Amino acid sequence: MTTLDRPPTSSGPWTADEMVTVAAARTLRSGQACIAADGLPARAADLARRLHAPDLLRIDGSGRIGDLGTVGAPELHAYWIQSGRIDVGLLSGAQIDVFGNLNTTVLGDYAEPDVRLPGAGSAPEIAASCREIVVVMRHRLRAFVERVDFVTALGFGTGQLDRALLGMRGGGPRRVITDLGVLEPDPATSELALTAVHPGVGVEQVRAETGWTLEVSDDLLVTDPPTPHELATLRSLVTGSPEWQGR
Amino acid sequence: MTTLDRPPTSSGPWTADEMVTVAAARTLRSGQACIAADGLPARAADLARRLHAPDLLRIDGSGRIGDLGTVGAPELHAYWIQSGRIDVGLLSGAQIDVFGNLNTTVLGDYAEPDVRLPGAGSAPEIAASCREIVVVMRHRLRAFVERVDFVTALGFGTGQLDRALLGMRGGGPRRVITDLGVLEPDPATSELALTAVHPGVGVEQVRAETGWTLEVSDDLLVTDPPTPHELATLRSLVTGSPEWQGR
Amino acid sequence: MATIVPLTDAVADLVRDGDVVAVEGTPALIPYAAAHEVIRLRRKDLTLVRMSVDVLGDQLVGAGCARRLVFSWAGGPGEGALHRIQDALGHGWPAPLEIEEHSHAGMAARYVAGASGLPFGVLRGYAGTDLPQYTASVRTVRCPFTGEELAAVSALNPDVAIVHARRADRSGNVLLDGPGGVCKEAVLAAHRSLVTVEEIVDDLGPATGATVLPSFAITAVAHAPGGAAPSGAAGPHDREDDSHRAWDEVSRDRARFGRWLEGIRTP
Amino acid sequence: MATIVPLTDAVADLVRDGDVVAVEGTPALIPYAAAHEVIRLRRKDLTLVRMSVDVLGDQLVGAGCARRLVFSWAGGPGEGALHRIQDALGHGWPAPLEIEEHSHAGMAARYVAGASGLPFGVLRGYAGTDLPQYTASVRTVRCPFTGEELAAVSALNPDVAIVHARRADRSGNVLLDGPGGVCKEAVLAAHRSLVTVEEIVDDLGPATGATVLPSFAITAVAHAPGGAAPSGAAGPHDREDDSHRAWDEVSRDRARFGRWLEGIRTP
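Residue numbers (the working numbering), protein chains in the order written: chain A, 1 to 247; chain B, 1 to 247; chain C, 1 to 267; chain D, 1 to 267.
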């Protein structure tokens, strides 16, 4: 990443999804174990394995443990997720709020929803137990809300102490990577603040798509653009359109 | 079985262990699932499969499910034993008492035992959850006691209501097969009473080896002697000496 | 011991109006043939229990078989909706639909408890989420050693479980396609069970106990080659995506769905 | 990620005086080589956790390594006793021995809870037996749905777990010999773990996840061909019976055991 001097004025020859996927892949390290929802999160993990993290172990929601075979849903959730031994959980959602809580259940009231979403899947326990959570989402005003309509997966709840009070072992959201930039929890408040923008994206554009008063880091960075090698590798992985919904 | 007219005066050309094994095998039916401790109980199950119960499924303490492979100890105990789906549990013990409680833990006081025995193994939960329990033991006064020194596996506890009060699903001991005869719980009291003697065994001999006032069934039977076919089949299975200890 | 019976007879015998019916299966092996028999037999008032509700669930709800869903994920193609389920939830068509929703971890723990003869399961789950306030089958339990509070979920013991598997032998022992999902737990938790299989063979071949369901733990086995189609064909992902897209078209429209339903019901 | 290290270094690094050490393995694959390193390194004050305590446990107790046993079965050849354990229990030789005993079901539930990050496990167990009054790690818990009382056991999270397996790949992923026993749970429950393996290969070959321990969940892998001898040779049962009988002779007599111990400790 490079320090921001002035807002870049054009995005490069890559799509917003490609930028998100590359940025998410860069957060993963070799030797880690990660669990990634289907679609874009899974693709970010696969990309990391091809680029800089050949020994990243990817566990998926169907129980696949890397290339080592498959375990049943009970074992997946008890021995692998709940035990807290997974380093990174990659999640997505239809809504995220200032405290990084995710909603994949309903928009509107539970009993009379405006939109019924798919539901929880493994997200509540991934969010609770993985050492850290990386969220990938499209950055839109309807999705980045002050308070999610339904807490499907806990971020920091209503503030900094909630996770500890609930006895959670996982550290919660460490980074939210969107198609506009990167948000990270403020160490003092756990509120998500903007710490980087992608090339060609301005802070005001991010604020306009964020439903709370977005704090901006003093050290705001501009994400390094995807390298030709990153893009070529990613494009060799991609078939079909990515799916975003956290699962 | 034939009704007892007079005590037979000689045992046949078989050993006491063979008589027990044959009598235990006869209680098992094709289509049942049984779990049998190693040694004589397991041999009884194997004999039944060769004789009259080809579709008897034998589950063993190491997690073997018949010829269908092996499951881990957690699955064995949770899905197979605890669930209550096993028809017959074949157990043994160093002591048994009037209510069919079994001891494989200590003779004497727990803290300062006269004899330290191997311990519980899977017996407590087999005794609790199998639809019925068949006990095989050598009939000796030191083993057939009014009250076991330590309850390792519950029979009927201290009386007829104990199992129900503890919420147990399994029916408890249905039959105790010894080298002298067969004991079954009295339907009214759950106390073990003598319901059959093996050929050549007299009631007084059984009473002399029993540490409580043994009731004798009005319809006392004499076990049919092992047939030549039963004996030949058993002998083709046997290698080494049988082990009795409940596991 | 499982009996080996024709599929229609098995469904007619085992699935009754008002039953709680678990239908499980990894994406590659979904028991569509059995579910379509349920539709043909016009079973009604079912509670459908399924961790990941997908096209099969949409079909059973649209056909009016299910009045209640117990699930932990209900999603259509891509980000798409399951239109028949949305229609039932939003407009009560063809009948109102109740839901009871969980997380995957909670559903898995409920099946495990059911298969294990326990009344409840314990997990680190649901904490801080809004799920428990809408789900009576989530409570808390305190660790008798540490005092810590954990989530408790009530055991699932469906009236009947339906799964699809690769093969069975002639005694009714079933080889599951692997340890994925909760097929084994669903069968062991249920009072009755039906396993449809691709083939019935003399010998199951090499297997570990972890992926075998012994005959004595199953009620009925039905030979249903292709019984998981359109799931489970070679190249599962492409095939599944295609069929999902095709289903989206059918499901979007009540009339078009009605024609699909007529096709299913016409012998 | 597991590191692949020489056996002696692994044991020296991972097993420390006073540790709670789980040593598991089905009868065919008992990690004798690692246990003998523990003896050579004169580790002491260990709590040995092992469901079925057999010759290996007798050796560790006789050598003065263990001051406490947590187990659910402790039996020698046939109906025979484990003389070193009997001697420690009865006469405090070479040191007093404490015991904490369970049923197999309880021990399995304790390992599962430990591997699952839960503080306790629930089972239908121990009911009506005298075991709970001598075992602080058994209590009761009430079902928050039915009110029923069930047994609760505290989780086992050993300091270190030692198991033996067929093979590992060069990244330290381990193929277990099958789903028998509690090897997988012991490793996942422990803070540190050592897997000794017969061979280290380029490719583990076909496996299901149920029998694989991924490298990231293991601390160290040591190449120890024959490391389960005398268990685990071809024709395990005969071989085991023979070695059990031979051990009975050694174990019966303190002096003879002393010579055996000297042999083990002499490089």
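Incorrect hints may have been included.
[Said to hold, decoys possible] On the chain D side, residues computed to face chain A include the following (Cβ under 10 Å): (1) 94; (2) 97; (3) 171; (4) 188; (5) 206; (6) 210.
Hint data in this document are derived by calculation from the structure and do not stem from the laboratory. The structure displayed is predicted, hence computed values, not measured ones. Don't be surprised by glycine CBs; every beta carbon is placed ideally from N, CA and C.
Here is how each hint holds up against the structure:
{"no.": "1", "hint": "94", "in the structure": "violated (38 Å)"}
{"no.": "2", "hint": "97", "in the structure": "violated (32 Å)"}
{"no.": "3", "hint": "171", "in the structure": "holds (7 Å)"}
{"no.": "4", "hint": "188", "in the structure": "holds (5 Å)"}
{"no.": "5", "hint": "206", "in the structure": "holds (9 Å)"}
{"no.": "6", "hint": "210", "in the structure": "holds (6 Å)"}
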